[in-house]
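J.: Heads up: the sequence shown begins at 249 in our numbering, then just goes up one per residue.
Simulated from the structure, these hints should not be mistaken for laboratory data. A hint or two may mislead.
For lysine to aspartate or glutamate, the following DMTMM-like pairs were computed, each having C-alpha atoms within a straight-line distance of at most 25 Å [stated by the list, open to error]:
| id | residue 1 | residue 2 |
| --- | --- | --- |
| 1 | K298 | D264 |
| 2 | K340 | E379 |
| 3 | K296 | D326 |
| 4 | K418 | D264 |
| 5 | K325 | E391 |
| 6 | K325 | E365 |
| 7 | K377 | D402 |
| 8 | K299 | D337 |
| 9 | K340 | D326 |
| 10 | K340 | D264 |
| 11 | K278 | D402 |
| 12 | K296 | D324 |
| 13 | K377 | E422 |
| 14 | K280 | D346 |
| 15 | K327 | D310 |
| 16 | K368 | D402 |
| 17 | K330 | D402 |
| 18 | K366 | D346 |
| 19 | K330 | E350 |
| 20 | K325 | D360 |
| 21 | K278 | D264 |
| 22 | K325 | D310 |
| 23 | K368 | E350 |
| 24 | K349 | D386 |
| 25 | K280 | D310 |
| 26 | K278 | E422 |
| 27 | K280 | D386 |
| 28 | K339 | D324 |
| 29 | K296 | D402 |
| 30 | K377 | D310 |
| 31 | K368 | E422 |
| 32 | K298 | D360 |
| 33 | K294 | E422 |
| 34 | K325 | E379 |
| 35 | K349 | D360 |
| 36 | K327 | E365 |
| 37 | K299 | E379 |
| 38 | K340 | D324 |
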Amino acid sequence: MSRIQNIETNLTSINDAAFQELCDRLIYFKYKNPSAFARIGSVTGKQKTKKGTPDSFLLMSDGEYIFTEITTNISDKDKLLKDIIACFDYKKTNISSDKVKEINLFFNFNIDNAYIEKLKSVATSFNPKTEIIFWSLDLLTSELSTNHHDLVSDYLGLSYDTGQIVSIEKFISEYNRSSHGVSQLL
249 MSRIQNIETN LTSINDAAFQ ELCDRLIYFK YKNPSAFARI GSVTGKQKTK
299 KGTPDSFLLM SDGEYIFTEI TTNISDKDKL LKDIIACFDY KKTNISSDKV
349 KEINLFFNFN IDNAYIEKLK SVATSFNPKT EIIFWSLDLL TSELSTNHHD
399 LVSDYLGLSY DTGQIVSIEK FISEYNRSSH GVSQLL
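My request is simple: use the sequences and hints to build the entire structure.
T.: The following block contains the structure:
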């Protein structure tokens, strides 16, 4: 089995809490240095999900929000539609729709372009400036296999190499862990 198929297989069988944690880490890597980051849909200190809208968010320095909705529920594809609508519901988010800059939908299955257009249309009806990013199984697999080998290892248990090439964050973490936080100045 190829690396791509291994990632796809593991993504489709991952539990919802681990998938949510993986997606939260991925979105945090994508948007460095937000003013705030909160994982509303996760139970603190446990690998467990809870109800919350959005599942996580980032507040950017321009005062706008990036929302994340995450699902592994392949049997209810309309959950993506419900999630978009909920993101624009002030009663659920306490954020006005004009401050929602972007919604990242993470899901471990694929959808067709007609459904993507339907979802984009619904979002545009609330805020024409809000961008929707569709993190489908295919996009997630490509992103993870190309740019995030450490996340593939941490969450999917797949090793790609000898560990000699890792992200800067992973290198610093591993270096500090092995040296007990002691480093020498050069």
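J.: For each hint, tell me whether it holds in the structure or not.
T.: Evaluation of the provided hints:
{"no.": "1", "hint": "K298 to D264", "verdict": "10 Å, holds"}
{"no.": "2", "hint": "K340 to E379", "verdict": "20 Å, holds"}
{"no.": "3", "hint": "K296 to D326", "verdict": "23 Å, holds"}
{"no.": "4", "hint": "K418 to D264", "verdict": "24 Å, holds"}
{"no.": "5", "hint": "K325 to E391", "verdict": "22 Å, holds"}
{"no.": "6", "hint": "K325 to E365", "verdict": "14 Å, holds"}
{"no.": "7", "hint": "K377 to D402", "verdict": "35 Å, violated"}
{"no.": "8", "hint": "K299 to D337", "verdict": "15 Å, holds"}
{"no.": "9", "hint": "K340 to D326", "verdict": "18 Å, holds"}
{"no.": "10", "hint": "K340 to D264", "verdict": "22 Å, holds"}
{"no.": "11", "hint": "K278 to D402", "verdict": "17 Å, holds"}
{"no.": "12", "hint": "K296 to D324", "verdict": "20 Å, holds"}
{"no.": "13", "hint": "K377 to E422", "verdict": "40 Å, violated"}
{"no.": "14", "hint": "K280 to D346", "verdict": "22 Å, holds"}
{"no.": "15", "hint": "K327 to D310", "verdict": "29 Å, violated"}
{"no.": "16", "hint": "K368 to D402", "verdict": "32 Å, violated"}
{"no.": "17", "hint": "K330 to D402", "verdict": "30 Å, violated"}
{"no.": "18", "hint": "K366 to D346", "verdict": "20 Å, holds"}
{"no.": "19", "hint": "K330 to E350", "verdict": "16 Å, holds"}
{"no.": "20", "hint": "K325 to D360", "verdict": "11 Å, holds"}
{"no.": "21", "hint": "K278 to D264", "verdict": "21 Å, holds"}
{"no.": "22", "hint": "K325 to D310", "verdict": "32 Å, violated"}
{"no.": "23", "hint": "K368 to E350", "verdict": "11 Å, holds"}
{"no.": "24", "hint": "K349 to D386", "verdict": "24 Å, holds"}
{"no.": "25", "hint": "K280 to D310", "verdict": "14 Å, holds"}
{"no.": "26", "hint": "K278 to E422", "verdict": "21 Å, holds"}
{"no.": "27", "hint": "K280 to D386", "verdict": "24 Å, holds"}
{"no.": "28", "hint": "K339 to D324", "verdict": "23 Å, holds"}
{"no.": "29", "hint": "K296 to D402", "verdict": "17 Å, holds"}
{"no.": "30", "hint": "K377 to D310", "verdict": "15 Å, holds"}
{"no.": "31", "hint": "K368 to E422", "verdict": "41 Å, violated"}
{"no.": "32", "hint": "K298 to D360", "verdict": "28 Å, violated"}
{"no.": "33", "hint": "K294 to E422", "verdict": "23 Å, holds"}
{"no.": "34", "hint": "K325 to E379", "verdict": "20 Å, holds"}
{"no.": "35", "hint": "K349 to D360", "verdict": "24 Å, holds"}
{"no.": "36", "hint": "K327 to E365", "verdict": "15 Å, holds"}
{"no.": "37", "hint": "K299 to E379", "verdict": "23 Å, holds"}
{"no.": "38", "hint": "K340 to D324", "verdict": "21 Å, holds"}
Going through the hint list in order, the structure does not satisfy hints 7, 13, 15, 16, 17, 22, 31, 32.
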